[in-house]
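Here is how the chains run, residue by residue.
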Amino acid sequence: MFKTKFLRPPGAVKESEFVKKCIRCGKCQQICPYNSIVLTSWENPFYFGLPYIIARKKPCYLCMKCPPVCPSGALDRTLVDKNKVKMGIARINRDTCWAYQGSFCRACFMNCPIFDKALKMTDELLPVVIEKYCVGCGICENVCPVEPSAIIVEPLKD
Amino acid sequence: MFYIGVLIDIEGEEAEKALSSLSFLKIYGKKENQLLGVIELKDLQEWKAVEEALTEIKGFLGLSILSSFQDNSDTS
Amino acid sequence: MKDFFKGKFTLTRRLFQIGTFLFFLAVYYTSHKQSFLLGTFYSFKLGPIHIVDPFIYLTYLGRNLLKADLFVWTVTGFLIPLLIAFLFGRVFCSWICPYNFLYEILDFLKTHLFRKKPLIYFEASPKSKKVWLALALALGIFIPPFPYYILMPGLLSVLLHQLVLHLYSFILFSLLLILMVLFVDLFFKKRIWCKFICPTGLILGMARWKGGLRIIKRKDLTCKECALCSFECPLGLTPHLGNHLEDCYNCGRCVDICKGLRKKENPLDFKFL
Amino acid sequence: MKCDRREFLKWSAALTAASVVGFELSLPENLQAVDVDKWIKSVCRYCGAGCGLYIGVKGGKVVAVKGDDKNWNRGYICVKGSYLPKILDAPDRLKYPMVREGGKWKRITWEEAMNLMVSKFAEAIKKYGPHSVGFYGSGQSYSEESYLANKLFKGALGTNNIDGNPRLCMASAAVGYVTSFGKDEPMGSYDDIYYADCFFIIGSNMSEAHPVIFRLIMEQKRKRKVKIIVADPRKTLTVRNADLHLDFIPGMDLYILNAMAHVIVKEKLYNKDFIDKHVVFKKLGPDNKPQKVNFEEYVKFLEEYTPELAEQKSGCPKEKIIQAARWFATSKATMSFWCMGLNQRTKGVWVNNLVNNLHLLTGQICRPGATPFSLTGQPNACGGIRDVGLLSHLLPYGRLVANDQHRAEMEEFWGLPKGRIHPKPGLTAVELFRKFAEGEIKCLWVVCTNPGQSLPNLEKYRKGMAREDTFLVVSEAYHPSRTSELADLVLPAALWCEKEGTYGQSERRYQYLPQVIKPLGEAKSDFEVILTFARKLLTALGRADEAKRLFPYKTTEDVWNEMRACSRNTVYNFWGMTRARLIKEHGMLWPVPTEDYPAPGTLRRYTAKYGDPLVKKYDPKAEDISFYGNPADGNRAVIWLRPAVGPAEPADKDYPFILTTGRLIEHWHTGTMTMKVPELMRAAPRAFVEINPKDAQKLGIKTGDMVRITSRRGSIVLPAKVVDIPRPGVVFVPFHYPDKLINILVTDAFDPMSKQPEFKISAVRIEKA
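Chains as they are written, first to last, in this note's numbering: chain A, 1 to 158; chain B, 1 to 76; chain C, 1 to 273; chain D, 1 to 769.
Any given hint could be a false lead.
A partial selection of chain A residues facing chain C, derived with a Cβ cut-off under 10 Å [said to hold, decoys possible]:
{"id": "1", "residue": "17"}
{"id": "2", "residue": "22"}
{"id": "3", "residue": "24"}
{"id": "4", "residue": "27"}
{"id": "5", "residue": "35"}
{"id": "6", "residue": "39"}
{"id": "7", "residue": "45"}
{"id": "8", "residue": "74"}
{"id": "9", "residue": "77"}
25 Å max Cα-Cα, derived DSS-like pairs, lysine-lysine [as the list claims (entries may be wrong)]:
{"id": "10", "chain 1": "D", "residue 1": "221", "chain 2": "D", "residue 2": "70"}
{"id": "11", "chain 1": "B", "residue 1": "30", "chain 2": "D", "residue 2": "70"}
{"id": "12", "chain 1": "D", "residue 1": "698", "chain 2": "A", "residue 2": "84"}
{"id": "13", "chain 1": "C", "residue 1": "271", "chain 2": "C", "residue 2": "219"}
{"id": "14", "chain 1": "D", "residue 1": "70", "chain 2": "A", "residue 2": "117"}
Where chain A lies over chain D, by a calculated footprint (3+ residues, C-beta under 8 Å) [said to hold, decoys possible]:
{"id": "15", "region": "233-245"}
{"id": "16", "region": "311-318"}
{"id": "17", "region": "621-628"}
Don't read these hints as lab results, they were simulated from the structure.
Even for Gly, the Cβ is constructed at its ideal location relative to N, Cα and C.
Build out the structure end to end from the sequences listed, making use of the hints.
Right under this line is the structure:
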């Protein structure tokens with residue numbers, strides 16, 4: 001009944017390690033210019049205070065300001081290049097995505113920060129996620145007009 | 001699961017009866033000697049078995065595949 | 001209201017406590033634009049140095065052992081509070097800690113509103129404190145969220161930041177937690193948190209050097225045994241008997257009160273080295 | 001929709017199969033999209049593609065929309081069309097007339113509003129003559145409404161100060177077609193997409209502005225071997241699916257097109273006998289009069305435009321230009337598409353002519369799959385403005401104000417006294433608002449459009465609109481918008497399916513939109529408002545008899561019948577499109593001379609072999625192709641010698657970047673409708689400026705940083721979006737957002753022939769804000 005899958009900030013180590021390494025000091029939340037990072041509370045008391053991102057409300061815009069300020073190595077301090085971030089993988093739900101249902105929409109394609117690499121449009125003008133390049137920032141999930149979002153970022157399982 | 005939309009050319013009444021009794025085939029429309037139906041396959045290996053079953057039926061002239069839908073919800 | 005600030009040390013201490021609150025507010029409102037000052041009482045970034053709460057860092061090391069990221073600035077940040085405690089005792093608890101400040105305010109209001117007989121203060125033997133600290137460390141290592149449920153200063157500072165960001169679900173959760181702790185601390189076992197449960201307090205207490213800053217009762221001056229200092233001591237200790245050194249967190253309240261009664265030659269005073 | 005996944009997928013497979021072979025399979029009840037009382041055939045409210053759709057109504061409310069699979073768009077609609085139901089009961093819909101008193105809005109009744117408006121207009125006409133009042137129509141009002149307004153101002157009042165917002169989007173294309181083929185409107189249709197082997201898309205981001213047409217092209221790309229050439233300074237989604245991308249400095253495409261003609265002529269790829277039979281060559285003589293020249297002189301004129309010169313001027317590699325020219329000429333059938341990239345330019349007409357030239361030179365015209373196709377921006381710019389003649393230099397159905405014979409025809413048709421229609425063309429959109437700003441125009445009525453946000457060099461015209469001593473009336477469905485906030489009187493207009501009428505989209509297809517629900521609050525259809533205003537104004541001017549005679553109509557069908565009659569002996573002839581047929585059919589393409597002429601009408605014009613009924617009528621001796629729209633040149637099309645010239649405001653030392661504005665798929669023009677839909681706002685929440693990664697790196701800009709853009713006319717601060725779409729030196733800003741009026745920066749220099757401003761190219765400077 002508690003939420004167990006969290007989208008961690010960029011540069012985060014493996015989930016099992018992250019829970020142990022993060023000292024929940026809130027510096028990543030404070031430095032984030034978009035207020036994308038929120039701290040866990042009711043969602044799962046075992047993860048109390050751990051930072052995560054609710055992509056549908058505020059995705060991570062990959063400004064890469066938070067990894068350098070992490071004191072405990074929970075976020076890889078040396079990570080600067082947004083293409084090397086790996087927060088999760090986007091998955092498209094073909095039953096609700098407008099493009100797959102006969103309309104034509106490309107909001108996720110146009111707003112993807114790894115433009116035309118992590119998310120491409122096929123000849124049939126259908127969005128397709130390229131898992132190798134998708135950094136899982138959640139911007140696509142945020143801009144998808146369908147409610148609930150037709151493209152969901154699944155955080156990395158260990 | 002795969003759903004293949006097909007147009008089957010047949011000749012004679014009993015071919016139609018035989019086809020409509022097949023478990024993997026559902027008929028949706030009929031015009032003179034053509035049937036429009038959907039074949040349901042668990043995976044592509046099953047296709048050979050389906051083809052043999054169809055060719056045995058007397059009056060079955062041939063079929064053309066017109067559309068295909070894949071349901072990958074339970075596999076991914 | 002006036003005597004909440006009465007006394008030389010008490011007044012400066014209040015200014016420190018209020019100053020800390022305002023300082024953190026300023027940090028939270030400017031945290032998007034600067035990264036020189038960032039963080040909470042769990043760990044605070046000052047320029048390159050990441051000052052970190054000793055208990056938090058010890059449990060961090062325990063949880064991660066070899067995989068721990070011994071970042072040089074975090075390690076120095078771990079040593080700084082210990083060094084300060086070594087020299088000045090538990091001044092962090094009395095002069096900086098927001099929980100203590102909140103507690104003193106509520107305690108002050110409580111004594112003025114209810115006028116009832118003061119509850120007895122919680123006492124704990126040094127041995128039981130060591131046992132509890134060891135247990136707390138073990139719990140912190142094996143149950144990652146444990147330190148964040150008992151370390152009040154860190155939680156209060158994170159709560160302040162969520163207030164600035166209007167993240168109400170976290171605010172509600174942590175408020176409930178803090179109110180429960182305050183209830184126990186104010187109405188059930190006075191000062192149990194600062195004298196016993198708070199592991200950081202225990203660590204800082206243990207790191208104290210006997211020669212460091214402390215309050216002593218001078219032998220050469222006569223003490224009238226009026227025991228007003230013991231009555232005023234926020235931790236419920238008995239400086240007039242001279243046996244307070246174990247739990248004293250150098251708040252200077254007793255020195256103020258003692259001076260207040262007699263203009264000069266009062267036996268209680270700070271001593272450093 | 002209670003059916004399990006397996007059932008749904010099986011039905012999808014069956015339906016798709018059925019559609020391929022034309023089996024008639026109706027969806028079983030439980031698979032309907034949502035529970036709906038009835039589906040009513042209609043058309044999408046937005047772009048010029050004109051997608052047919054069904055409106056789902058339940059309990060007197062519009063609850064769903066789905067594509068019309070029997071129309072040209074075969075059931076496809078785009079994401080903004082899918083959210084149409086949400087615009088109808090949006091929060092700030094205008095529900096009653098309001099007048100501005102001392103800076104505050106006061107609610108008034110319809111009678112007060114009408115009397116105030118009539119008195120203001122009548123007083124201005126009496127005091128300063130008919131030319132002191134103006135009307136600014138829209139390519140989004142219905143054809144009947146525009147026809148009425150045109151008849152009122154040009155016919156009854158006798159002033160030509162009536163223009164429509166297609167002056168800002170389609171004027172260059174219209175004048176381009178008239179100069180090349182004698183008459184306006186494309187001669188092909190979307191049906192040509194199924195036959196074309198080579199698509200030449202220039203100056204158009206089809207994937208965003210005409211997504212469903214683009215989808216049809218992509219379908220062809222999957223099904224058959226087609227070659228797609230896209231010429232665009234931005235690597236849009238259109239470009240990313242193309243086989244050849246011509247990337248060039250904005251404004252220099254004239255060099256490229258002339259260079260392509262140069263290659264075609266030099267490598268003898270042109271169609272000599274087509275040219276001899278159907279083409280004449282013209283150039284502008286020294287006295288600016290057209291002068292006939294021969295083919296040899298055209299070849300000599302092209303000598304200079306070598307691919308090397310084009311590469312040097314436009315930055316597009318010459319191999320690509322040569323490749324494009326060869327594909328264009330040697331393909332079995334080449335279809336070209338263009339849009340605002342060519343129209344909104346100071347050389348808009350010329351560059352339109354150059355594209356038409358390529359088609360005439362190679363004979364790639366008047367047969368299935370070969371046609372020059374100008375995409376229209378607005379849903380009714382063709383049917384309601386260019387055909388109905390709601391531009392200051394036009395009269396209905398191909399007639400010109402300056403042509404005496406045309407004026408006499410219209411005066412006789414409308415039953416007006418001789419000489420009532422003023423011989424001189426009136427003020428065009430930019431001039432109309434310039435004169436309104438100067439106070440020469442006293443009263444201006446703006447219907448169903450938002451000039452307060454869409455005019456170029458906006459600050460100057462917004463000040464003009466806000467003048468106290470002039471009277472601005474705005475008929476709009478939403479308030480406040482960036483125009484209604486400046487108005488003196490706002491009238492609530494019915495929106496889309498709250499009123500009935502016809503739309504005419506890009507491919508000459510007229511489609512009927514029925515009234516599905518009651519208008520919101522006291523909103524009225526513009527048809528009713530213009531009709532009552534016309535009658536009251538004429539009676540106020542003492543011409544009550546004219547009012548009764550000129551405006552006898554009761555329903556829009558009466559007006560439609562008059563329009564059909566008016567087009568009867570012209571090239572547009574859609575006499576056969578009775579209202580009943582339009583209601584039954586899924587839109588019909590004119591010309592439709594007789595009532596039994598089969599639907600969908602004429603797919604291709606100027607060719608008897610491929611079904612244009614008027615060729616025999618206007619040019620009996622022609623055996624197949626005849627450009628009967630241009631009898632002056634012997635029913636021949638014209639290849640114009642257009643020298644290549646750069647834009648009005650090229651990039652220079654202190655304004656090193658070129659700003660181009662344009663559209664996104666989520667929003668429609670000034671966003672009064674689409675910005676009321678939360679889902680669309682989520683997909684495209686705020687304005688941004690697209691910057692090429694190389695330029696961004698030089699200026700130290702990252703995505704999300706605020707950037708100040710300054711031009712000679714103003715400056716604006718926008719978040720940067722660093723993405724490899726615009727070419728280095730070019731920045732793009734969408735013009736949808738009312739809080740970020742990018743049009744303040746845009747130049748209002750316009751094409752001397754079509755008077756269309758140059759939205760696409762303004763010189764700007766960029767710095768980190």
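Here's how the hints hold up against the structure:
no. : hint               : verdict
1   : 17                 : holds, 7 Å
2   : 22                 : holds, 8 Å
3   : 24                 : holds, 6 Å
4   : 27                 : holds, 5 Å
5   : 35                 : holds, 6 Å
6   : 39                 : holds, 5 Å
7   : 45                 : holds, 7 Å
8   : 74                 : holds, 8 Å
9   : 77                 : holds, 7 Å
10  : 221(D) with 70(D)  : holds, 22 Å
11  : 30(B) with 70(D)   : holds, 21 Å
12  : 698(D) with 84(A)  : holds, 23 Å
13  : 271(C) with 219(C) : holds, 13 Å
14  : 70(D) with 117(A)  : violated, 37 Å
15  : 233-245            : holds (count 3)
16  : 311-318            : violated (count 0)
17  : 621-628            : violated (count 0)
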